[in-house]
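Starting from the given sequences, assemble the full structure and let the hints guide the process.
In order, the protein sequences belong to chains A and B. Just so you know, the working numbering puts 133 at position 133 of the first sequence, and the rest follows in order with no gaps. Just so you know, the working numbering puts 285 at position 285 of the second sequence, and the rest follows in order with no gaps.
It is worth saying that the hints were derived from the structure and are not from the lab. Among the hints, erroneous ones may be present.
Stated by the list, open to error - Quick list of the computed label-pair ranges, beta carbon to beta carbon: (1) R255/B with A62/A: 39 to 45 Å; (2) G168/B with V418/A: 42 to 48 Å; (3) A62/A with R228/B: 24 to 30 Å; (4) D224/B with A62/A: 56 to 62 Å; (5) D224/B with V66/A: 42 to 48 Å; (6) L24/A with G155/B: 56 to 62 Å; (7) A62/A with L223/B: 55 to 61 Å; (8) A62/A with E262/B: 51 to 57 Å; (9) V66/A with E262/B: 56 to 62 Å.
The beta carbon of each residue, even a glycine, is placed where N, CA and C say it ideally should be.
Chain by chain, the residues:
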Amino acid sequence: MTFAVPFFAWAAAGAALATVALHLLAWRRPPETPLPTARFAPERPVRMVSRAVRPTDLGLLALRVVLVMLVGVALAGPVLAPRRAGTPRVIVVDRSRSAGSGAEVTAAARDAFRTGDAVVVFDTTAREVVAPTLDSIATTSPSQGAGSLSAALVLGSRIAQRLARNRDSVVIVLVSPVTTDELDAATAPVRRTWPGALQLVRAGAAPNDTASPAIPQVRAGAGDPVGVALALGGPLAGGRSVRVVRDGVTASDSAWARAGNAVVTWPVATPAEWSRRAAVDTAFAVATVGPGAATVVAPFIRVAEPPTGRVVARWSDGDPAVTETALGGGCIRSVTVAPPSIGDLALTPAFRRFVERLAAPCGDARQLRPASDSVLSQLLPATIAVDGTGPVAVEATDSPQRRLVAWLLGLALAAAVVEMFVRRGGSHAAV
Amino acid sequence: MRDRREAERPEIETRGSLLDAIRGVKWPALRAVAGALPGAHHSRLRGAAPELSEYRVYRQGDDPKRIDWRLLARSDRAYIRLAEDRSIVSTLIVVDATASMAYPPRTLAKWRAACDLAIGLAAVAHASRDPVGLIVVAGGGVHQLPARTRRGIVGEISRALDGVTPAGKAPLASALAGVRHRWRVAIVSDFLGDADDVRRRAGEVAAAGGEVHAIHIVADEELDPPGRSMLAVDPEDPSIARPLVADVRAVYQERFAAWRAELATAWRGEGLSYTLARVSEPASRVVRRVASRALGGGRDAALHARSEGR
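Right under this line is the structure:
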């Protein structure tokens, strides 16, 4: 057993010795002895200090020593299990789509990693990396799934509590851009289940970077309805990372997409590599998938089917109209919706909203906005940014040490009560 | 400590050995007595004893039988023969049997020493054919044996003392209230009670022609208390409870010695006899010292008297 503050244990030992000494030098009434000539002794107080060779009231002495030692040991902060030095950390690495290509997150995780740390990677789910090394962090591949900080914190807290059994303190290091879609209602309660420190390393996105609005790049001919709709819509969030091509995807487009950008291929003519529908038909509506769906009601001639991928928009009969496939850190979004070349459909607000949704960054990046610091301070309390001065120590509210201290103080209180009764009983007996 | 002291006593006398040790000891009266009955003490009266003391011219009223007729025939003058007369002196032994005499509580050595002294003095007085009486003053009352000359009076005194257990508190001076003038009184006590009243009454007895001997019994434990710390409690007055520890022992002994010296000075100042008797001292030796006072005191008595104040 070790002590967090050994001074109190030593002080208690000293106090116990002083208690024993006081028992030896107790004020006591000497034994009465008849002496006819007692009148010739000088008058003194009957009680006097006399050194007892054998301490009296051994039970009372033992109670007092136990009382003092219990209080001292409780204040010293006993730790039953021997603690190893150092502060192990649980590195929680974001591998969701919020991390983009994951390069920055990986680099930050490698910087934070030290031998002996535990590593948790997460996207929609979280898992612990067995025997993590620097290389194992680098080899974890990014996912296009949405990130769940709650799941990551649940697993991270469990691992941290496991490590805290034989360590003085454990810090959870969260390496993530922490976008808004990674936060949910369970994030704050889950965070509170871990009383220790949580260090936040925001990588992959600049904090509070609102993705300055811009008009996406459009490669189309003059008077193209898509180009017109985008032009009318004005700047879009994350627009700089979106390129809309109406002709065909080139090599440079692919490279640009691999860099983490979105290429929206919205060909005027159906590419040869796209499969054609069994029969050309007409759909009378198309709508984007997900919250805030944009719907356009108009007759659309359906000729081809988009490549297999994440469905971004569907026809009114449920067939996919727009899909998105990952390419490196970015994506290519394939649109099979052919707007009519005549008419004013391109000028309608519904079509503009539809185009804007399709011209969103990869993974619907408009939902991947980095969470603001004020939101983080509410949902993830007792955390500091990597630019801060160090981990924030959150005092554990329920630990074996605290329970032991509570037990010791309870026993001390009981000993004090018993001592009071024993002392009173002794004094009554003496009277 | 107490056992060691008892073991260091030079001798322990039984009653028989005590009586043997004091056989032949004379305890003459301090001054000529005025008794009429013939005895061993010089009488102030000039009688017709065979031992001629002096001649005196016959005066009217003298007994004609005491005229020395032969001297009258030779000198034609009438003289009467005067002779030293001897008389008895009634002796009263007053023994203090209050609680302070029951010390040490385990052995009652102080009380036993007082009894031995009383018996020894009674035996010496009885050997001179003096009437001997006893008064025992205890808390339970006063036990009294009238002065008698009869043969077994010493045994009676011994049995009377053996039947008394010292306890309680009683004024010793009241026992002297009934003492007749011209008696010899021996007070065996520790004088821790009404010492002033006793001395005052003894002075009155002495002024009336009597003779008073104070035998002051002191236990060795009183002179040199045990070294351990204790709360000394007066057995006659429990309200007197004083801690007796190492640093006050010297003060205690100094005060006790001063009181003893003051007591001896006061008694002797009034012409009374004072003898300090330690419990560890053989009773026969103390009896001899008391008796020697009447003889003017020997060298040992004088030396002892000087040391009594210490």
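Hint check results:
Distance hint for R255/B and A62/A: a CB-CB separation of about 43 Å, consistent with the stated range 39 to 45 Å. Restraint check, G168/B to V418/A: a C-beta distance of roughly 46 Å satisfies the suggested window 42 to 48 Å. Taking 24 to 30 Å as the suggested C-beta distance range, the pair A62/A and R228/B conforms, at roughly 27 Å. About 40 Å separates the C-beta atoms of D224/B and A62/A, a value inconsistent with the hinted range of 56 to 62 Å.
At about 45 Å, the beta-carbon gap between D224/B and V66/A stays in the expected band of 42 to 48 Å. Look at L24/A against G155/B: about 58 Å separates their beta carbons, and that is inside 56 to 62 Å. Against the hinted window of 55 to 61 Å, the Cβ-Cβ separation of A62/A and L223/B comes to about 43 Å, which falls outside the hint. With their beta carbons about 53 Å apart, A62/A and E262/B fall inside the hinted range of 51 to 57 Å.
With their beta carbons about 58 Å apart, V66/A and E262/B fall inside the hinted range of 56 to 62 Å.
Hint compliance for this structure: hints 4, 7 are broken, all remaining hints hold.
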